[in-house]
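Colleague: Sequence:
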Amino acid sequence: MNITSHVQRVKFLYKTILKLHRGLPLEIQPLGNNYVRDEFRRHKNCNPAEAQVFMTEWADYATKLAEQLGLRGPQQAKKLGIDLDQDAIEKMRDEQIQQLYELMMTATGKHVEKSDDT
Numbered sequence: 001m002n003i004t005s006h007v008q009r010v011k012f013l014y015k016t017i018l019k020l021h022r023g024l025p026l027e028i029q030p031l032g033n034n035y036v037r038d039e040f041r042r043h044k045n046c047n048p049a050e051a052q053v054f055m056t057e058w059a060d061y062a063t064k065l066a067e068q069l070g071l072r073g074p075q076q077a078k079k080l081g082i083d084l085d086q087d088a089i090e091k092m093r094d095e096q097i098q099q100l101y102e103l104m105m106t107a108t109g110k111h112v113e114k115s116d117d118t
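Going by the numbering used here, the residue at position 88 of the sequence shown is 88; the numbering climbs one at a time, nothing skipped.
Any given hint could turn out to be false.
[Stated by the list, open to error] Once the Cα atoms are required to be at most 30 Å apart in a straight line, the calculated DSS-like pairs of lysine-lysine come out as:
| hint | residue 1 | residue 2 |
| --- | --- | --- |
| 1 | K19 | K110 |
| 2 | K15 | K91 |
| 3 | K91 | K19 |
| 4 | K91 | K11 |
| 5 | K15 | K110 |
| 6 | K44 | K19 |
| 7 | K64 | K110 |
| 8 | K110 | K91 |
| 9 | K64 | K91 |
| 10 | K19 | K64 |
| 11 | K44 | K15 |
| 12 | K44 | K11 |
[Unchecked claim] Derived Cβ-Cβ restraints for the label pairs, each shown as a range:
| hint | residue 1 | residue 2 | range |
| --- | --- | --- | --- |
| 13 | M104 | F40 | 18 to 28 Å |
| 14 | E95 | G70 | 32 to 42 Å |
| 15 | E95 | Q52 | 13 to 23 Å |
| 16 | Q52 | K110 | 31 to 41 Å |
| 17 | Q8 | Q86 | 33 to 43 Å |
| 18 | R9 | K110 | 30 to 40 Å |
| 19 | A49 | T108 | 25 to 35 Å |
| 20 | K110 | L26 | 13 to 23 Å |
| 21 | G70 | D94 | 34 to 44 Å |
Everything labelled a hint here was simulated from the structure, so no lab data went into it. Computed from a predicted model, the values in this text were never measured in an experiment. Glycine is no exception: its CB is placed at the ideal position from the N, C-alpha and C atoms.
Starting from the given sequences, assemble the full structure and let the hints guide the process.
Modeller: Written out as structure tokens, the structure reads:
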């Protein structure tokens, strides 16, 4: 894989997601944008196998968000978000589960208690 084309694809996906986030309710846009920015930074130097999974998952997110936002108009919009099944949760690493929990708490306006080991 050509490194330049990979970098271009990553930037395109990142910018696409940020543009999609403009359609989110104003109160959660900063949360979504910050999370995306942090995740893309966190995976900046990951190995090629992780990069492939990362890009696939974020591309799926962008596709689902576009469908949920109803890019063909508000009448086509769906409920935002998806429910995670037990299988998806079991595949997550502990740090991913912690991030998911913190994201849920922030999105619902609840205070997140940070433990000493995070």
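Colleague: Now look at each hint and say whether the structure bears it out.
Modeller: We went through each hint and held it up to the structure:
1. K19 to K110: 27 Å, holds
2. K15 to K91: 28 Å, holds
3. K91 to K19: The hint holds at about 29 Å.
4. K91 to K11: 27 Å, holds
5. K15 to K110: 29 Å, holds
6. K44 to K19: 20 Å, holds
7. K64 to K110: Satisfied, since the Cα-Cα distance of roughly 26 Å is no more than 30 Å.
8. K110 to K91: With Cα atoms ~26 Å apart, K110 and K91 stay inside 30 Å; holds.
9. K64 to K91: 20 Å, holds
10. K19 to K64: 14 Å, holds
11. K44 to K15: 15 Å, holds
12. K44 to K11: 11 Å, holds
13. M104 to F40: 18 to 28 Å: Since M104 and F40 have Cβ atoms about 21 Å apart, the given range 18 to 28 Å holds.
14. E95 to G70: 32 to 42 Å: Cβ of E95 to Cβ of G70: about 33 Å, so the range 32 to 42 Å holds.
15. E95 to Q52: 13 to 23 Å: Given range 13 to 23 Å: holds, Cβ gap about 20 Å.
16. Q52 to K110: 31 to 41 Å: At roughly 35 Å between Cβ atoms, K110 and Q52 fall inside 31 to 41 Å, so the hint holds.
17. Q8 to Q86: 33 to 43 Å: For Q86 against Q8, whose Cβ atoms are near 37 Å apart, the range 33 to 43 Å holds.
18. R9 to K110: 30 to 40 Å: With Cβ atoms ~36 Å apart, the hint holds.
19. A49 to T108: 25 to 35 Å: For T108 against A49, whose Cβ atoms are near 34 Å apart, the range 25 to 35 Å holds.
20. K110 to L26: 13 to 23 Å: 19 Å, holds
21. G70 to D94: 34 to 44 Å: 35 Å, holds
Checked against the numbered hints above, the structure breaks none of them.
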